[in-house]
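There are 2 protein chains.
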Amino acid sequence: MNKPLILVTNDDGITAPGIRTLVKIMNDFGDVYVVAPDSPQSAKSNAITLDKPVRCNSIKIDSGLQKEFACSGTPVDCVKLALNKVLPRKPDLCVSGINHGSNSSINVIYSGTVSAALEASLNGVPSLAFSILDYSFSADFNESEYFIRKVVKTVLSNKIYNSICLNVNIPKSIPNQKIKGLKVCQQAVAKWKEEFIERKDAKGDIYYWLTGKFICEDNNNNTDDWALNNQYVSIVPVKFDLTSFEMIKEIQDFFYD
Amino acid sequence: MNKPLILVTNDDGITAPGIRTLVKIMNDFGDVYVVAPDSPQSAKSNAITLDKPVRCNSIKIDSGLQKEFACSGTPVDCVKLALNKVLPRKPDLCVSGINHGSNSSINVIYSGTVSAALEASLNGVPSLAFSILDYSFSADFNESEYFIRKVVKTVLSNKIYNSICLNVNIPKSIPNQKIKGLKVCQQAVAKWKEEFIERKDAKGDIYYWLTGKFICEDNNNNTDDWALNNQYVSIVPVKFDLTSFEMIKEIQDFFYD
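In the order they appear, the protein sequences are chains X and W. Counted the way the working numbering counts, the first sequence spans residues 7 to 263. Counted the way the working numbering counts, the second sequence spans residues 7 to 263.
Excised from the complex, chain X in its bound form (with noise of 0.2 Å):
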């Protein structure tokens, strides 16, 4: 039997913790190429290059089976690339992360991890966007690899539906507390209150450093904040329909006469 082929990618660029943990991890699970951008590329969203060219060239990083390529792009051209010029095949799976930081609740529109997976699943391959709520650069991915091992497993061994994207937000390491488990659960209804730092530069003239709270009013026990916030891992399946099916007739009464 054919070792399944899998797509590694993330946004924070190909030589962050993160990836290079994953990267690890997937070499246990099939044959590996990493598509990832060359530098970082956090708060991304779904966003594609237009206006300029990508390059996407061949990289050696660490002593691992896997094949990898270094794209200037953001995380979705990296998946857009790999689909089209750089994988032999359609891989069986895309994995994106470990996200350095939380994709939960809102996070989901603006993650760049989140949209690298999501775009593998609108080309028909399943995919899993992992993230670990520590931003830090040495954080201690030891207890994550257990439940990234569990989820891969799952996916793989199981026929899932082929378009399917799970978002999966894993708690920070704590000395002397486990991670309970897993839980399939909800976006949790938050939202960021911005706080934009201003500064200015030599010539006096004003800019900005967004930045901000996340603020989560949202007290239901089914979302993927909850899960966090009581040391689950959570898993939200995503998808890429935004219309507002609950809205149409409410939208419909205002607008036919």
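Calculated from the structure, these hints are not laboratory results. Note that the structure is a prediction, hence the values are computed from the model and not measured. Mixed in with the good hints, there may be bad ones.
When chains are identical, the list treats them as one kind, so a pair holds in a single copy or across two.
[Claimed, not checked] Cross-link-like lysine-lysine pairs, in silico, DSSO-like; alpha carbons within 27 Å at most:
| id | residue 1 | residue 2 |
| --- | --- | --- |
| 1 | Lys96 | Lys219 |
| 2 | Lys73 | Lys184 |
| 3 | Lys159 | Lys255 |
| 4 | Lys219 | Lys178 |
| 5 | Lys58 | Lys9 |
| 6 | Lys219 | Lys245 |
| 7 | Lys186 | Lys209 |
| 8 | Lys245 | Lys255 |
| 9 | Lys178 | Lys96 |
| 10 | Lys30 | Lys66 |
Please build the complex by placing chain W on the supplied structure of chain X, with the hints as guidance.
Quick look at chain W alone, frame taken from chain X:
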């Protein structure tokens, strides 16, 4: 009675004919603030700028009554800055566009125009994204104007849900063929088939231009693509909860022992 406060933005950049047309129209409806990208930002999706400072400067482009600000960031950066730093109060409406090119169907996930509108609605500001199916900067907006006025009037004069975001696409003007009316509909199931154009630089190194063909195999007559192909303006209510609720049960069965 106070006039409505209206935020205008886009992704083609503050000098594009589409936004100039929209500003002119919106001046008839209220007090207009324009906060838009200082350069083209197409296909930027919900991307935000975290790794670079963002600038936002007052600018005067024409003799209209609006106040205008050119921003160095993405369309979503523009909206975040507008709501937090530029506008005197929370606006009553955000309009984005008129985009030069379609944002129907799957284009919604890549579109900077729609993402800007969605960002406003995330913050409780009703929003409208307008696009015309004509990439040309000399597009004829005469017929569009009637429908844009109709949609804006309907949204401003009714108590529509604050988080509403409507993705409005307008067919290209065809001589002797009038637009038939408005259709409230859902996102068609479609995708892009990529065709990367390969080029070589002066050193002989390969680079790529991303291009592709739009493939829609959705034959239902309740979609935006159907509406546009049949010379109707399409209106799709858009939401930011990406949870695939219909998959939760199935995924749970796979993961829970």
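Checking against the hints above, which ones are violated? 2, 5, 7, 9
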